[in-house]
Amino acid sequence: MAHANGGEAVRPRPISPHLQIYARPINMMMSILHRITGAALYFGTLLLAAWLIAAASGPESFAQVNSFFGSIIGQLILFGYTWALLHHMLGGIRHLIWDTGRGLDIKTTDTLCWASIIGSVTLTAAIWLGAALV
Amino acid sequence: MDLRTPLKRVHNLGSAKEGADHFWQQRQTEVANIFLIVWLVWLVASLAGADYATVRGALSNPFVAIGLMLLILSGVFHMRLGMQTIIEDYVSDGLKVVLLMLNTFFAIAVGLASFFAILKLSFGS
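Chains as they are written, first to last, in this note's numbering: chain A, 1 to 134; chain B, 135 to 259.
Chain A with its partners taken away, still in its complex shape (with noise of 0.2 Å):
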């Protein structure tokens, strides 16, 4: 190809957008998480079914899975676990919203998608604050 500017090297300029330069629209990051959350809610029911199942099994299998629960790593898992909860119900709420076609211009789009993340992480710290304190 020839140069413009009489044949001195240039760097080539990007001809496709990439991730790294790439300015990530919010509802393209929610989408990911909402999948991401959905795979992990998925494996995360295992969570319900043991409580269930050592409840049903008698005090002491009880007593070992809330042991777990209440150690430091199994507080950081039921707390992923509540904010994945809220998050992919909030983001379903939006989706929801728009299946009626309502919603679809990209400020709107926006404004859902903020709301979404930021709805579920202050109601992630809201509920166990509340937990704690009540």
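No wet-lab data here; the hints were simulated from the structure. By construction, the Cβ of each residue, glycine as well, lies at the ideal position given by its N, Cα and C atoms. Be a bit skeptical, because a hint or two may be false.
Said to hold, decoys possible - Covered stretches of chain A, as calculated for chain B (at least 3 residues, CB under 8 Å):
no.: 1; segment: 29-35
no.: 2; segment: 58-65
no.: 3; segment: 98-110
no.: 4; segment: 126-132
Based on the hints, put chain B in the right spot on chain A.
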């Protein structure tokens, strides 16, 4: 006997031959889950740190037991459909068939084990 023409039979069913079934069932369980999950979060938070007798007593309450079973039913249905979409998006050929089967097995196993535990809490010793 099906009196519809071949064209009418496949109309609106799309390339997957099942129409909007997956979409609709996903939405239906989603709406149910919204209510049931809000209730579950409240239930678990109210039982956090409670002793065995209290938890057992709460879980064997008929309304709680029925609510939990509704949640498990709607929940495993919804998560099976969601994981099915993920598998179909990323996996192809033989492995896809295997994973789709495992997906169904997992959902049913988790659901039935939870059901059994809830029923045992209500009726068992």
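To see whether the hints hold, each was checked on the structure:
Closer than 8 Å: that is the beta-carbon criterion, and the segment 29-35 of chain A has 1 residues meeting it against chain B, so the requirement of 3 is violated. Closer than 8 Å: that is the beta-carbon criterion, and the segment 58-65 of chain A has 3 residues meeting it against chain B, so the requirement of 3 holds. Counting residues of the segment 98-110 of chain A whose beta-carbon sits less than 8 Å from any beta-carbon of chain B gives 1, not enough to reach three: the coverage restraint is violated. Only residues whose beta carbon comes within less than 8 Å of a beta carbon in chain B count, and the segment 126-132 of chain A has 3; three or more means the coverage holds.
Going down the numbered hints, you'll see the structure goes against 1, 3, while the others check out.
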